[in-house]
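For the protein sequence lines, the chains are A, B, C, D, E and F, in the order given.
As numbered in the numbering used here, residues 1412 to 1736 make up the first sequence, in order.
As numbered in the numbering used here, residues 1412 to 1736 make up the second sequence, in order.
As numbered in the numbering used here, residues 1412 to 1736 make up the third sequence, in order.
As numbered in the numbering used here, residues 24 to 130 make up the fourth sequence, in order.
As numbered in the numbering used here, residues 24 to 130 make up the fifth sequence, in order.
As numbered in the numbering used here, residues 24 to 130 make up the sixth sequence, in order.
Bear in mind the hints are in silico, worked out from the structure with no lab data behind them.
Here a beta-carbon is modelled for each residue, glycine too, at the ideal position from N, C-alpha and C.
A portion of the hints provided could be inaccurate.
Computed, partial: chain D to chain F, Cβ under 7 Å [unchecked claim]:
(1) Leu60
(2) Arg61
(3) Pro105
(4) Val108
(5) Ser117
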Amino acid sequence: MLALLSENLLTPPILFFLLGFGARLVRSDLEIPREIARILSIYLLMAIGFKGGAGLAKSGWTAQVALSCVLVVVLGVVTTLLAFVILRKVLGLTRLNAATIAAHYGSVSAVTFITGVVFLERIGATYEGFTVALMALLESPAIFVGILLGRERGGQEGPKKAWLSRKVLEEALFNGSIVVLSGGMVIGAVTGVRGMEMVKPFLVDPFQGVLTLFLLDMGLLAATRVLGFRRIPWGLIGFGLAWPPLGAALGLFTGLLLGLSPGGTMLVMIMGASGSYIAVPAALHLGLPRANIAYGITLALAVTFPLNISLGIPLYYWIATLVAG
Amino acid sequence: MLALLSENLLTPPILFFLLGFGARLVRSDLEIPREIARILSIYLLMAIGFKGGAGLAKSGWTAQVALSCVLVVVLGVVTTLLAFVILRKVLGLTRLNAATIAAHYGSVSAVTFITGVVFLERIGATYEGFTVALMALLESPAIFVGILLGRERGGQEGPKKAWLSRKVLEEALFNGSIVVLSGGMVIGAVTGVRGMEMVKPFLVDPFQGVLTLFLLDMGLLAATRVLGFRRIPWGLIGFGLAWPPLGAALGLFTGLLLGLSPGGTMLVMIMGASGSYIAVPAALHLGLPRANIAYGITLALAVTFPLNISLGIPLYYWIATLVAG
Amino acid sequence: MLALLSENLLTPPILFFLLGFGARLVRSDLEIPREIARILSIYLLMAIGFKGGAGLAKSGWTAQVALSCVLVVVLGVVTTLLAFVILRKVLGLTRLNAATIAAHYGSVSAVTFITGVVFLERIGATYEGFTVALMALLESPAIFVGILLGRERGGQEGPKKAWLSRKVLEEALFNGSIVVLSGGMVIGAVTGVRGMEMVKPFLVDPFQGVLTLFLLDMGLLAATRVLGFRRIPWGLIGFGLAWPPLGAALGLFTGLLLGLSPGGTMLVMIMGASGSYIAVPAALHLGLPRANIAYGITLALAVTFPLNISLGIPLYYWIATLVAG
Amino acid sequence: MKELVPMQKLEIVIERLQLGQVLDIVEAAGASGYTVLRAVQTMGRRHGVREDVGLGELERTKLVLVVARPPVIARIIEEVTPILVDFPGTLWVSDVQMKVMDVGEGD
Amino acid sequence: MKELVPMQKLEIVIERLQLGQVLDIVEAAGASGYTVLRAVQTMGRRHGVREDVGLGELERTKLVLVVARPPVIARIIEEVTPILVDFPGTLWVSDVQMKVMDVGEGD
Amino acid sequence: MKELVPMQKLEIVIERLQLGQVLDIVEAAGASGYTVLRAVQTMGRRHGVREDVGLGELERTKLVLVVARPPVIARIIEEVTPILVDFPGTLWVSDVQMKVMDVGEGD
Ligand SMILES: Nc1ncnc2c1ncn2[C@@H]1O[C@H](COP(=O)(O)O)[C@@H](O)[C@H]1O
Ligand SMILES: Nc1ncnc2c1ncn2[C@@H]1O[C@H](COP(=O)(O)O)[C@@H](O)[C@H]1O
Ligand SMILES: Nc1ncnc2c1ncn2[C@@H]1O[C@H](COP(=O)(O)O)[C@@H](O)[C@H]1O
Ligand code: NA
Ligand code: NA
Ligand code: NA
C-alpha cells in the first residue's frame, strides 16, 4: 500500500501541486494568469473527453454502460442529499449555504478524476473507458438538487423567477465543462482511430505535462484560500476533510453494484469523494444568486482536492483492489 | 466526391468548429479567452509560414513562382473590384460599406487556407510549397484597393489626411499577419532542415491539434455573430453565401493559368473564395476609420468561413482534380 | 570561430528575435499578449530547472558543486559592486540609480542562459548539469547588495522601514523565478527518470520551439525600449554594451577556478555577462520603491540581452574552448 | 476653442449576461457613445462577492460609462432600473463637463 | 420610482499587496459594496512609473470604487491614509447620486 | 490630518496609438500622476463600434484618469483637443477632492 502512496506522491503533478501550495504559504508572488489556467482546464477536459470517447467507441453501448449511467445519476442525487443533511442538521448551516456546499460535493472534480486516470495509467491498471461519460453525467444532478434545496419555500417565487429559469437550465445542462467534456467524447467516438492520430501529439502526448503545470496553479489557488481560512467556520473545514471517506464509500458501493474493474471502481469512488469547483459554482451563481459560493469553492478546492489527489487516489485504489479485485 | 466530403467533415477540426457553433446556439457560456485565441492565430501563421518557407527553399525561385506572385496580386485586385461592384450596384450599399466588405473578400482567410492544407495532407494530395507565399501576398492588394474605393472623392482630403497616411501604409504592409507569415517563411527557408528539426515538435507535430482548439473558438465566435444577424440586412448574408463559388471560380482560372497541381489549384480557389477577418479589418480600422467593419467581419467569419471549411474545401478539390487533373 | 557565429545566428530562436525586433522598428502593431509571455517564461524556467535537477541527481553532490555554489555567490556580489562603482564613479549616477542598475547586472538573465544551453546542445558540447543550480543561486545576492547600496544612509530608516522589510526578504528569496527554477530542480532530481518520462513530451521536446516563440516577443519588447532610448543618457547605453566583456571575464575566471568544462565555463561567463530583467526588478520594486527601474530593465533587455544571445554566446564558447579546453 | 458642455456621467455596474440589453437601452436613449470597463473584483449587499466561476468569460462584472445630457441619462436610468431589480448591479450619476467633438470633425 | 440618493464616490489607487487590507477597511466601515478595476499603466510623483515586473500578477495597480454616505467615506479615508503613507497610491472623492436597491429586491 | 484639496478629474478616452502622445502632454503640463485603464467595449458617434481586430494589442481603447489643479487640467485639454479632432476619442472633466501625499512621505 505504501508503494502505491509513494507511486502517487513522488510524481511531477503532485509535487508541482505541493510546490505551488508551499510557494504561496511563503508569500511568493508567483501567479499563473487566469486566462492560462482557463485554457489549461479546457484542454484537460477536451483531452479526457476525447480519450473517453475513443474508449466508449471501442467498448460500445452495453447494458452495463446504461445501468452505470442511471446509477451514477442516483449517486449524484444521494451524495447531494447526504451532504445537505450533514451540513444542515449536524453543522446547523442555513438552508441556502447547506444546499450550495452540498451541490459542490454531489458533483465531481474533473481534475481529481483526471489525476486518478493518470495514476492508473502509470501503474498500468485498466479502467472502463465509459467512466469518463459517467463523470460528465455527474455534473448536472447535483446542480438541480442543490437549487431545489436552496430555494426559499412559498411566496416570492413569481413566474418570472420560476425556481428553474431558462438561464439556470442552460447553465446546468450546457455549461462549459459539459460542452467540452461530452463534445470531446462524441467527437472522439465519431472520428475514431484516424481522428485520434490527428490530435495525438497535441491532446495525448503532452497531457501529463499540462496536468503538471495546471496543478502548480491549483497549489497556488488552494494555498491562497487556506490563507483566507480564518473567515471560514472550523466545522466546515472538518466537513471538507471528513467527506472524502463518506463519498468514496458511496462510490465503492456503486462501483461494486456495476461490477466495474478495480480501476473503474476507484474512479467512481473519486466521483463520490470529490467536489466540483468549476461547473457547479457557475450554475449556482445563476440558480442561487444570493448563495455565498466562496465556501463551497474553498472547501472543494483547498481542503478536499488536496486530500484526494495526495492520499485519496492511492488509498481508494488499494481498497478497490481488495474489494473488487 | 461524397468520400471527400465526409473525409473533411468527420475530422476533429471541423467537428470541434461545429461543437463551438452549437454550444453558443444553446447559449452555453463557454468562452476561450481572447489572449489564447490571439496566440493560437500567431502560432498557426508562424507554423504554416515556416512550412511554406521550407517548401519554397526546396522548390526554389522559378518562373512559375514569379508569375504566380504577379497573377495572385491581380486576383486580389480583381476579386476586390468584383465584390465592390456587386455590393454597390446589385445590393446598393454606400460606397464606404461596399468598399469595406469588398476589401475583406478580396483578401484571404489564413485559417481557411490552413484547414485546406491539413485536408490535402490527410488525403495525401501534393501541393506547391510556394502557395503559402501567394497567400501572404494576397493580404495587401485588397486593402489598398478597398481604401481607394472607400475614400470620399474631392474636398475633405487635406494634406494631413492624405488618403494613404504613413500609419495606414505601415498597417497594410507590416501588419501582424504578414510579419509572422512572411517572417516565418524567410526563417523556414534560411534555416532549412536543421532549423525545422529544432522546432518540429513545437511547430509541426501539434499543428493539427492546435487548429482543432482554434476552430472550437471560431465556432463560438461565428455563432455569436450569427445570433447578431438581425442587425444585418439579408442581402449581405446572401452575398456571404453566394461569393464562395464566384471567388473559387476566379481562383480556379488563376490556378489553371499557372499550371498548378490539383492541390495547388484548390488552395488558390480557397484564396479567391475566402474573406479575411484578421489582417484586412485591422488595416481598414485605420484607413477607413468611419467604416462599419462589423459587417465585413461578420460575413467573412460567420457566413463564408463555415461554408468554405465544411463544403467548400472538399468541393474545390474535387473540381480541381477534374479540371486540373 | 565564424562557424560558431553562424551556428548560433542562423537558428530559429535568434532569427525570430530579429524578426520581432525588426517588426517593431517598422512600427508593426504585432503584439504578444502579456499573459502569454508570462506563461512562456514560467514554462522555460520550469523546463530548464527540471532538466538541471535531473542532471544534478546524476552528478550528485560533490565538492566541486559545493565550491561552485560559494564562488557563484561571490561572483554575484563582486559583479554588483563592480557595476555600482563604474556607474557611480565613471558615469556619475545617483547612488539609487547606480545601485538599481548594478543589481540587474549582478544577477543573470535566465533566458540568455537557456539560449546558451540550447546552443551547446545543438553543437553537441557537454556542460555540467549543476550550472542550472548556480543560476538559481545567482538571483538573490545582487538584490541584497543592490538594496544595501541603494538605501539612503541614516535618519529616515525607522523600524517599520527596516532596510530589509519582511516583504523585501520574501521577494528576494521566494520570487516567482526562484520558486519555479529551484522547485523544478528539486522535483526533477526527486522524480528522476520516471518523472522525466511523464513530462518529456511537454517540458523537453517542444522546449526549443517555445524558446523561439518567446524570443519573437523579446525582440518586440527590446525594439519598443530601443524606440524609447531618447529618454536614456548615452552613457548608460554605453555601459550596457561595455558590460558583457567585463562580466564574461569575471565568469571565465570563476569557471577556470572551478575547473568546469568549456560548456560549463561558457555558461558561467553568461551569468557574469547578462543582466536580469525578471527577478531583480521585482525585488527592487519593493526594496527600492523610489528607484527608476525602467533604466535597469531597458539596458538589460534592449542592449545587453541582444548582444549576448547573438554575438556573446558563440564568442564566450570559443574563448572557453581556448582557455579551459 | 471648443467649449466644455455641462452633462451628466452615468456609471452602471452590470454583469455580462445583461450587458447587451443595457447597451441597447443606452443607444436607443440617444447617448452619443459609451465606454465599458471590466471589473476584476466586486462585492455588493444583495449578491455578495461574485467569484470568477465556470468556463465563461473572466471578469464578468462590467462598468458602463455614459456621458450625455440629463434627459437622456434620466431615460436610461428609468429603463435600466427594472434590470437591476432582478440581476446583480447598481448605478450612480455625477456631473461632468464634456468636450463635444462635432461629427464632421473626425477624418 | 426609486429615487437617487446623494452620496460620495471614493476612488482609491492602491497596489495588489495592500488591496486586501483596503477592502477590509471598506467593508468594516459599512459600505454597501465596492468595484475594483485594474490599471494598465500608472505614474505618480512619489514612486514614478510602476512597471509590470517579475512573475507576480500582471497590472498590479488597482482602482477601488466605493459609493457610500459621507460619514462612511470619511471613515474609510481616515483608515486608508496611513497605508498610502508607506505604499504607492492615492485617493480622491467626488459627489454622486446613487440608485439604492433595497436588499429585499434581488431575487 | 491631511486635508482633501479641491481639484479636477480629467478622463480622456484615447486609442493606444495616441496614448504615448497624450501621456507626454499630461506629464509636461505638470500633473502629479496618471492612471490608465483599459476599455473592453466602446462606441462613439464619430467612429462607431471599435472592434478588436488584427494581431495588435487587445482592448486598444484606453481611459486616462488625471487629477490635478484646474489650470493644469485646462492646459492638458487645450493640447489634447487637436489629437481628438483627428483620432477616435473624447474627454470630460469633473470636480473631486484629492488627498495630497507630500513627496517626502513615501518610504
Ligand atoms: N456601494 C457600492 N460601491 C461600489 N460598487 C458597488 C456598490 N454596491 C454595489 N456595487 C457593485 O454592484 C455589484 C452588484 O451589487 P449587488 O447587486 O448589490 O450585489 C457589486 O458586485 C459591485 O460591483
Ligand atoms: N494626479 C494623479 N492622477 C491620477 N492618478 C494618480 C495621480 N497621482 C498618483 N496617481 C496614481 O497613484 C499611484 C501612486 O502614486 P505615487 O504613490 O504618488 O507614486 C500612481 O501610480 C497613479 O496610478
Ligand atoms: N457619450 C459618451 N460616453 C462615454 N464614452 C464615449 C461617449 N462618446 C464617445 N465615447 C468614447 O470615445 C470613443 C471615441 O468616440 P468617437 O471618436 O466619437 O467615435 C468611443 O469609442 C467611446 O469609448
Ligand atoms: Na462528489
Ligand atoms: Na478572397
Ligand atoms: Na550578471
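Hint check:
1. For leucine 60(D), the shortest C-beta to C-beta distance to chain F is roughly 6 Å, which falls under 7 Å, so the interface hint holds.
2. Below 7 Å, beta-carbon pairs count as interface contacts, and arginine 61(D) has one with chain F at about 5 Å; its hint therefore holds.
3. The restraint placing proline 105(D) at the interface with chain F is violated, with a minimum CB-CB distance near 22 Å, outside the 7 Å limit.
4. About 24 Å separates the beta-carbon of valine 108(D) from the nearest beta-carbon of chain F, more than 7 Å, and the hint is not met.
5. Checking serine 117(D) against chain F: minimum C-beta separation of about 6 Å stays under 7 Å; hint holds.
Comparing the model with each earlier hint shows violations of hints 3 and 4; every other hint is respected.
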